[in-house]
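When you get a sec, could you build the whole thing from the sequences and use the hints?
In order, the protein sequence lines correspond to chains A and B.
If you're matching positions, the first sequence starts at 4 in the working numbering and goes up one per residue.
If you're matching positions, the second sequence starts at 4 in the working numbering and goes up one per residue.
Among the clues, some could well be false.
Where chains are identical, the list cannot tell them apart; a pair therefore holds if satisfied intra-copy or between any two copies.
Unchecked claim - The calculated DSSO-like cross-link candidates involving lysine-lysine, where the alpha carbons are at most 30 Å apart (straight line), are:
1. K33 with K247
2. K33 with K173
3. K278 with K173
4. K196 with K173
5. K102 with K116
6. K247 with K278
7. K116 with K173
8. K247 with K259
9. K102 with K278
10. K173 with K102
11. K173 with K250
12. K247 with K116
13. K33 with K259
14. K196 with K250
Think of the hints as simulated: they come from the structure by calculation, not from any bench.
2 protein chains.
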Amino acid sequence: TMAITMSNNQQSSSSNYWTSLNQEIDAHLKQAIPLRPPLSVYEPMHHLTFSAPRTPAPALCIAACELVGGHRDQALPAASALRLMHAAAFTHEQLPALKDRPRPGRPPNYTHKFEPNIELLTGDGLVPFGMELLASSDDPAQEMLDRILRVIVEITRAMGSQGFVEGQYKESQYGGIDGEEAVQVAWIGEVCKKKEGELHACAGACGAILGGGSDEEVEKLRRYGLYVGTIRGIDIISGGVESKDEKLLLLEEVNKLRNLAVEELRGFDQGKVEKISSIIDNECCNV
Amino acid sequence: TMAITMSNNQQSSSSNYWTSLNQEIDAHLKQAIPLRPPLSVYEPMHHLTFSAPRTPAPALCIAACELVGGHRDQALPAASALRLMHAAAFTHEQLPALKDRPRPGRPPNYTHKFEPNIELLTGDGLVPFGMELLASSDDPAQEMLDRILRVIVEITRAMGSQGFVEGQYKESQYGGIDGEEAVQVAWIGEVCKKKEGELHACAGACGAILGGGSDEEVEKLRRYGLYVGTIRGIDIISGGVESKDEKLLLLEEVNKLRNLAVEELRGFDQGKVEKISSIIDNECCNV
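Listed below in structure tokens is the structure:
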């Protein structure tokens, strides 16, 4: 493994941090998607939200909010929305139209609980549901109105045709490329940047916006998220890569991205940076 | 036909009204979705937006805005967003998971230009794109912030798991019901209310919100849209209904809804009501 040197205490305290963030997001979502009638609608929403692989992006959103001095609650609805958007995108990736195409790496080990028509429609329902959660989250004083609208624009861009969906499109065009390892690795990097990269970039930026960060802080945390997310994406794919040369090239790429990510955290309160910087080892990287 | 008595002049002036609204929405969308690189992304977005059957909901949104004294431009981004959402929903309905199931009425005569993976992803891209168009439409003075957020909540609810998607779900559960005609008609009414009904209810409410209507006006135009949209839905399905008895029952239902719709327009400026009330004959109803 590539784990950097950390004392056991440091590792356990930062691991607790991510665990607690994810627990809060889980609790928020469980309350938002109750198992109530009509079960034909709520059960698939509930199941597909919680059975999709958990992305670190929502927790990153909250961590970015806290880093710039905001309160956790300010970022919770956006974090939940990101989790729902990601679950919807993942659900649609498991439909025959996309799943039955060659993909790099190992396909996720996914058991379908519902028929394709239900999975298609539930994915279609999760996206507006996430947006609603976010758009209706404003406090009565309407102090956050402009921040929430900015965050809606950020999330729609990150998830749309020039973000996550574009990454899925590129991935669906994969024809089992035979070319050189370097070409293959560059291609994997591009897909990961568009999918997990832009998702986490958005999460970092949204957290900073909601926490009241400056424009400079928003852009730093956007880039931090981009590097972290791309590492996460490579991490997911690399488990299925067979070639040792290719694995080595991916490892080099991850090291490069890790250094770039750390650079972006300069200038922030160093006492707080430790938490958010630990995401790479705790949540993203098993390469 | 059921056309109510109108002079030729009245018919032509109200028909011009809907034509001009639809042209403005077309122009707004063509500018928003340019045919530019990457064509692999923009061409399907463009094609699927303009090849989907045109719903009257976006024009209704603008008409409602004008009825309560607002300016057309205030409702244009929401109208375009509704058009994009509807196009996305229609596109997903043509995917094998939903299309290859029995449906009441005649299936739309749809020619696929792209493979299912592209149609799935383009539908997924159109939804956030529509939301982005709306969320980023605020004027620099930010005067419309709260109205736009309210409208985002309205649209996400109407399109989501308890609105349009629920209607699609009910439709996908249709097993070619053999029962009595009255049961079949009730079932059609329920699907139409959830799909076209809630879409147009949302359009009416959103137009009124954006135009600065009172809460009472918003609710009247929401109900007006619900009746108008349900008529539209029945109109789409009834073309494929064979049984004469069933057709007659549907016609009765449409007449009932038409009367309910007209009731909701009482209390508005009667000079302006003529335009919005003409939607039933111009845009919705060929029964």
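Item to complete: Classify it for me, K116 with K173: is the Cα-Cα distance of at most 30 Å met within a copy, between copies, both or neither?
Response: both (27 Å within a copy, 19 Å between copies)
Item to complete: Go through the copies and call it for K173 and K250: within, between, both or neither, with a Cα cutoff of 30 Å.
Response: Close inside one copy (21 Å), not across copies (48 Å); limit 30 Å.
Worksheet item: Which holds for K278 with K173 at a C-alpha limit of 30 Å: within a copy, between copies, both or neither?
Response: The answer is neither: 33 Å in one copy and 47 Å across copies each exceed 30 Å.
Discussion item. At most 30 Å between alpha carbons: which applies to K247 and K278, within, between, both or neither?
Written reply: So K247 and K278 fail the 30 Å test inside a copy (33 Å) and across (70 Å) alike.
Worksheet item: How would you label the pair K196, K250 (within, between, both, or neither) given a Cα cut-off of 30 Å?
Response: within (18 Å within a copy, 54 Å between copies)
Practice prompt. Classify it for me, K102 with K278: is the Cα-Cα distance of at most 30 Å met within a copy, between copies, both or neither?
Written response: Answer is neither; intra-copy 36 Å and inter-copy 49 Å both fail.
Discussion item. For K247 and K259, with the copy left unspecified, which applies at a CA distance of at most 30 Å: within, between, both, or neither?
Written reply: within (19 Å within a copy, 71 Å between copies)
Practice prompt. Could you place K33 and K173 in one of the four classes (within, between, both, neither) given a Cα distance threshold of 30 Å?
Written response: between (33 Å within a copy, 25 Å between copies)
Worksheet entry | Intra/inter-copy verdict for K102 and K116 if alpha-carbon distance must be at most 30 Å | Cα proximity of K102 and K116: in one copy and across copies (15 Å, 21 Å).
Worksheet item: At most 30 Å between C-alpha atoms: does K33 with K259 qualify within a copy, between copies, both, or neither?
Response: neither (38 Å within a copy, 41 Å between copies)
Worksheet entry | Within, between, both or neither: K247, K116 at alpha-carbon 30 Å | For K247 and K116, neither the intra-copy (36 Å) nor the inter-copy (41 Å) Cα distance is at most 30 Å.
Practice prompt. With 30 Å as the alpha-carbon cut-off, assign the pair K173 and K102 to within, between, both or neither.
Written response: Both: 14 Å inside a copy, 26 Å across copies.
Of the hints listed earlier, those the structure fails to meet are numbers 1, 3, 6, 9, 12 and 13, in rising order.
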